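In order, the protein sequences belong to chains A and B.
The first sequence lines up with residues 0 to 522 when you count with numbering that gives the first Met the number 0.
The second sequence lines up with residues 0 to 518 when you count with numbering that gives the first Met the number 0.
Keep in mind that a hint or two might mislead.
Claimed, not checked - Derived coverage of chain A by chain B (criterion: at least 3 residues anywhere in the stretch with Cβ under 8 Å from a Cβ of chain B; other residues may be distant):
id, segment
1, 24-30
2, 406-415
As the list claims (entries may be wrong) - Which chain B residues stay away from chain A? Per the calculated CB distances, all over 10 Å, these:
id, residue
3, V42
4, F43
5, L53
6, H54
7, L311
8, L420
It is worth saying that the hints were derived from the structure and are not from the lab.
Computed from a prediction, not measured in an experiment: that's the story for all the values here.
For each residue, glycine too, the CB sits at the ideal point set by N, CA and C.
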Amino acid sequence: MESSSSTRQLLWFFAIAVCVKLLLIPAYHSTDFEVHRHWLALTHSLPLSNWYADETSPWTLDYPPFFACFERFLSIFAHYIDPQIVDLHNGLNYRANSAIYFLRISVILSDLWLLYGVCRLTKNADVKRRNLIWVLIVWSPALVMVDHLHFQYNGFLLGWLLLSISFLQEGKDLMGGFLFAVLLCFKHLFAVAAPVYFVYLLRHYCWKGLFRGFSRLSVLGAVVVAVFAAAYGPFLYHGQIQQVFNRMFPFGRGLCHAYWAPNFWVFYIILDKVFSFFLKKFGFSIQIPAASFTGGLVGDSSPFAVLPKISPSTTLIMVLLALSPCFIKAWTNPQPRMVARWIAYAYTCGFLFGWHVHEKASLHFVIPLAIVAVQSLEDAKHYFMLSIVSCYSLFPLLYEGQEYPIKVLLLLLHSILMWLGFSTKFTRASAPNTMVTAKKKGAQSKSIESSSPAAEKGGFTIGWVGKSYLLGLLLVEIWGQFLHPYLLGDKFPFVPLMLISTYCAFGIMYSWIWQLRWIISTT
Amino acid sequence: MGKKKEKKEINEKVDVEAVEIEDDTWWWLTHKGIGATFLCISVFALLVRVAVSLHPYSGAGSPPKFGDYEAQRHWMEITLNLPVLEWYRNSTGNDLSYWGLDYPPLTAYQSYFHGLFLRFFDPDSVSLFTSRGYETYVGCHSSRKNDCAWHIAMLLLNPCLILIDHGHFQYNCISLGLTVAAIAAILSQRELLASCLFTLALSHKQISAWANLFQDKTDGASMFSMSVYYAPAFFSHLLGKCLRRKNPIHGVAKLGLTVLGTFTVVWWPYLHSTDALLGVLSRLAPFERGIYEDYVANFWCTSSVIIKWKRLFSVHSLKFISLTATVLTCLPSMVQQVMAPSSRGFLYGLLNSSFAFYLFSFQVHEKSILLPLLPASLLALEERRPFKWLMFYGLFSMFPLLCRDKLVLPYFALHALFMLLYHAPCGHGGRPRNARPNNTKFDYFDSFKTFMNGFIYLSSFILHIVYLTMHPPEKFPYLFEAIIMLICFYQFALLAFYTNVKQWSLLEHSTTEEEKKLI
């Protein structure tokens, strides 16, 4: 009875979100829309052996095989709706309503998997917590912006991640590992957390004496190998495996995406610019690299004037280094309740120090962190900041005027809801005594009590640093949106974007340090 | 998303010990005060509106006259570039056959200001915030906090209004907002302010003008300003109140002067010469059009299936007949208000008089159903079921219109959104059910009623699908529209009857009780 009514409520939440998403169908979609449409056509019309070899469109398939199978599955329905959607040649850049509706609705429906993940994850949480988590995840503005406006299937993929976390938290390590392996075969970018999974599973699942440990290790290994064999086996059989990996890991791309994700490398680039500027002032001859970051394209030559060039392996080492405290913790004290934090932390490190990171990747840690955001006041404060910053850093994805009010309102609504939810939860939690007395007096007196200083002492406030940082966010937006075009016209078109990513990078760095401290300090 | 608060109340059925439970479940949206709740819901409502405006607006991309959007844009152009006196005159600079201004002056002024701000911010949203702000205290004094939040959501997320204004590009919410402000003023006993605001609402816009624009039938024509639908209720309520004062004549004179004064200010530029004034008036209220148009679910249109009104009577006598019918149907509720003015009675009066106009007046447009919907949504807490009922059929009656505008998707999305909010977990939708087990007697009439309602719901659901997927037989190209209209008229007439009865039954209750409840 209890669980069925909670499912109904969750479905209600979801249905509200669906209504809004349906309304957003005609909005802007990026080239990713055509990418996914082309993949539908590709998987529908070509045999498996040619999926990764085809070059009909520049949007070649670069997701792992399971995702390709997922597209193949969708293409069955697409074929019924409108055969032109899945036509390899005639369907190129096909933008009829049928295609738009089909793809958009497929994203909305695939979110059901996310819903299942959330549902499973929160089934034992108490009501207040559960509701807050639902609000944070099901109504996440970042997901709406990336999935339902920009167009991607992140909700579906994150569903797998959340499911995996929910199994790990219950202590069902094997199932958690299996689901994570499946996830990796859907999108390999999630592999950043693989080392954490490895360490955790090895310690928590396998480290049980020599014989039992070894048998468990081999079971786990067999499961993972089986998943990967299912995914890549067919391509191995067709002799395509080399081609698959070439497509999946295009290291020809540069350190940063055209729009810099707000991560550590933003500081590095800026430091380089500052150095070269001053050195030139002092009379050193500095060769300004031909490939400039501001142009967005990065070739093989070093884009840095002064500082050493960064190679993919450097970034890998940095990510592993940043992860090492987490490894130590996971090894010395593997606890299921910490898993969500460790995984989120791994994605944060990947985001900060990774190679060619997309701003969209911030979803990978913002969504899992929502699970722990309601656990303590500190968590809530941190999440409040992080969520706003990461959502704001997604703004440049939707650059058209038409969507401007939508993204602003989404963020605003999300902030208001978070603020209301957190402040209610933590005001009440921290002032139990007031509540008891107030309860007797009824609702009227309660509202007075809650605004009294006693309740506020432990309540949800973000402090002046946080406030001024958020205010700065507003200033950055006003500058980029209004003052910059007004004062400078078309000059320096990259400055507003650069400002956004630099400013947001501070927020993400803060979040990283906060998470790191949390991981080190908890026992 | 406004609904969060509703979901907050979640699992516990709020009961006698409600205070405690309610706090646990509801606290978070309301504990920061009604302002925060209101802010939250209104941001969501805005979001929905912006999202709807992504969909095609009326007449998008259909030259030569495009549609409402082009009309509004053109008005901005006119008002910006021509001197005030020229606005309503045909001249070289102002070709009236191309979307001449045919809304009353306040709309014209508004166009002017919008022209100045041109899209810097969504004009609707501004007016929405300023005028709709009054609603909080209408709703919020009336009930407990959670009811209130639910009520706000119902008011701000009225799917009909959103579809017409934002899907269709119109500015109804401004004049409705002014009306709501006037209602709020009345409920808080500020009659003068109320009459002033209501006069402003009157000058804002006429609803039927829009019908002609939409159908591309050259000159804009209309006879009723939108808010005229409420005028009988305002008039009778204020009159009833004045008569109970010590000095009735003094009170009436004061109100009359306020109304005249407001009119004068708004119409000032046209008062210099009678010519100019008449010019404006003739633009606003030409009577050339027939008694009904398209398939509106009102009396004339529905009965025309049997009686061909247009053939039997001249336009002139039809005008007279419809006026008489409208006044006659308004009369009961007016009499009730004059006899015993009360806040609740006033809201019912608004509902009844707007129903009377919708059902019987001359030249009604489908979207006029917005007008009965407004007081109905104000009464939503008390008349939960009828409100849902009215909203459902109100939307349904606009369905053919919205189909033509290619707003099918937002129609269904908003309809679903409304139903979801209405039935928010442990919100109000579910509650009436608790009452049911009490009557154990098997009532034939009741079960017949339920059966009829279910049957009609079902058939309207099927009609939605049929309308979208099938072509009507060639002999009756408007068969489906006619069926929709018949169903809706039947429902509206029932509801109007019900609300009239309700209003009269108020007389039997003690008035003091009502006063306490509403203010």
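Hint check results:
1. For the segment 24-30 of chain A, the stated coverage by chain B is satisfied: 3 residues place a CB nearer than 8 Å to a CB of that chain, which reaches the threshold of 3.
2. Chain B is given as covering the segment 406-415 of chain A, and this holds because 5 residues of the stretch bring a CB closer than 8 Å to a CB of that chain, at least three being needed.
3. The Cβ of V42 of chain B sits about 5 Å from the closest Cβ of chain A, inside the 10 Å cut-off, so the non-interface label is violated.
4. With a least CB separation of 6 Å from chain A, F43 of chain B falls inside the 10 Å interface cut-off, contrary to its annotation.
5. Against chain A, the non-interface label of L53 of chain B is violated: not every CB pair exceeds 10 Å, the least being about 5 Å.
6. Listed as a non-interface residue, H54 of chain B fails to keep its Cβ farther than 10 Å from every Cβ of chain A; the least gap is roughly 6 Å.
7. For L311 of chain B, the condition that its CB be more than 10 Å from all CB atoms of chain A holds, with the nearest at approximately 46 Å.
8. Not every beta carbon of chain A lies more than 10 Å from that of L420 of chain B, the smallest distance being close to 8 Å; the non-interface claim is violated.
Violation of the numbered hints given earlier is confined to hints 3, 4, 5, 6, 8; the remaining hints are satisfied by the structure.
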